[in-house]
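Construct the complete structure from the given sequences, taking the supplied hints into account.
This is what each chain is made of:
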Amino acid sequence: MRVALFITCVNDTLFPDTGKAVVSLLRRLGCDVDFPQAQTCCGQMHVNTGYRAEGVRLARHFAEVFDGYDAVVAPSGSCAAMVREQYPRLGVQAPPVHDLSEFLVDVLEVEDVGAYFPHRVTYHPTCHSLRGLHLGDRPTRLLRHVRGLELVPLEGADECCGFGGTFAIKNPAISAAMCSDKVRNVLDTGAEVLCAADNSCLMHIGGTLRRQKTGVRVMHLAEILDAR
Amino acid sequence: MSVFIGMPGDFPANSAKAVQNSQLRFNLRKATHTIRGKRATVVGELPDWAELRAAGKAIKDHTLRHLDRYLVQLEEAVQRAGGQVHWARDAAEANRIVTDLVRQTGETEVVKVKSMATQEIGLNEHLAEHGITAYETDLAELIVQLGDDFPSHILVPAIHRNRSEIREIFLAKMGDAPADLTDEPAALAEAARLHLRERFLRSKVAISGANFMIAETGTCVVLESEGNGRMCLTLPETLISVVGIEKLLPTWRDLEVFLQLLPRSSTGERMNPYTSTWTGSTEGQTFHLVLLDNGRTNVLADEVGRQALRCIRCSACLNVCPVYERAGGHAYGSVYPGPIGAILTPQLRGLGSDLDASLPYASTLCGACFEVCPVAIDIPEVLVDLRAKVAHPRAERAGMRVAGWVLAKEVRLAKAQRLASRFRKLVPKRLPGPLSAWTDTRDLPDIPKESFREWWARNERA
Ligand code: SF4
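Chains as they are written, first to last, in the UniProt record's numbering: chain A, 1 to 228; chain B, 1 to 462.
In silico negatives: residues of chain A with every beta carbon more than 10 Å from chain B: (1) A63; (2) R84; (3) E109; (4) E111; (5) Y116; (6) H119; (7) G136; (8) R147; (9) L149; (10) A157; (11) R184; (12) N185.
Computed footprint of chain A on chain B, listed as stretches where at least three residues anywhere in the stretch have a Cβ under 8 Å from a Cβ of chain A: (13) 363-373; (14) 438-450.
What the hints contain is simulated information worked out from the structure, not anything from laboratory work. Ideal Cβ placement from N, Cα and C applies to all residues, glycine included.
Shown next, in the form of structure tokens:
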């Protein structure tokens, strides 16, 4: 299967390791992976902050770049949700974008990707994966098949971490308050690693975990699934 | 107590103060989480909740589409039943109508049933200016009124108060409160009951809102949980109801859907304790219905924003909103706080003030509000739509324009990435300007040596 990777501008620039993990994982599962190099950004930041004209321009570019692929895989719930939910409203034809876990479980029909990761992990589902894409338990089903991994439940998992793109800058006090509650719940689990399928949320929670010198690491789902 | 409109500041500033208040944070968290849990349980009991929700949405949409027709039908039905109908274009007109009606009775005191519409127009304050005292009879509203305070929740206006605070307010402001009043909920409720009973028996004029109006029969419907509203609705000689024009339902049959949706969404109860209906003037009572527009027809004209008029004020969206939970209702500077307030208030009032322009941003777009809304208002969709209409700050506009330019072409993005990684060691730990909001509480991620696209190019070439 010919799969196009939408790596997202945030991952491309700040978290290339996530992208590399996705490539390695999909190749291992027999996919023919392509990275259309003309890709940039889905337009989420612009649209969600109220810059519709710029957002639509980026969305049109996106649609052009990914035109003609059987499947587009993105390691970001919120960017996948942006394309699927908002493109139709913006009058842009949406390419068939899947979040990584959706693609693995629904399209490739695998839950055991053969990973080995002997650590105590807790999972934060992230709002757009949860309520935008309705990923349900797909990510945790994948994690449960990882050998050596102990998955511990996260209290208040479905509550927003307070990132919200530019919200974190426009409403810093509320954003920080939400994040410190999230961090408290993460610490209560006793996990070594906080996992999610969206690096933006992890950047926000991870940045707070680091500032507070907690020693808890954050990792993208793809990186855990690619661990051997 | 002054009118809520025109509160200074904006949402970020107001809420930044609120998050510092640990008592407020505790009260809000406890109250919203309790009711959130109750709602989830009783909603989970209904196998056809999704269908009910779709029905609620469809009925409201249909009514709004034919609002002109149904309003005329309602007016005729009310008049046929001996009631009088008054049309109010805005707050000033509604206040004048109500004040004149009260004056005609010669009374200087009125009792009130909890009503958002009258708060929206600042009726109590207007009446006070004309020598008429309005007494709130809903327990929570009474607490807010006695405490010279503003409501901070649609359904639980005193949600920000705990019981010891309430006891203090009663002792200080409620003339007939027993001196040995404890902070037991039962004792507080009893004190309020005795206080209010006196009022009910004395009052000749009452002012109410309505949760629903039935076009076909001209019936008004109020749902409440204490029974105080029913006393107000039945005892006084004159009843004046101020109702927003969007509260209409075409027929009695439609009500059935909402009598299931509303109590489960709002109080987490299967059925509402007191549901009162009245049609026109009944024996010994004169009835006036004041139909309030106050910006609603403008909202109706907006293709995306009009869905806010489906709202049945259940407050489920407030109770799940993580932003409301930390900011509290006052930060929204409106009688409609929380997610619904963030989309309704700026639509009713316009985006002119700093506060109203900041409200569409008072959300992370997490979608929890949309998920619980019993009439499926896609609040995030409306928020994003409103954000596109707000005048943006200049620095932000410049920044977003640059970002848009860089992201428009992959070569520009690649160049920016190379630049960032070249100077990765020079990125300061604390960022300047508006970006300092990020580094105040969080560490920035390290900028990688190589972007993904560079890695790909290098590997694919090899
Ligand atoms: S927007 Fe929906 S959830 Fe919020 S108060 Fe209105 S009806 Fe209830």
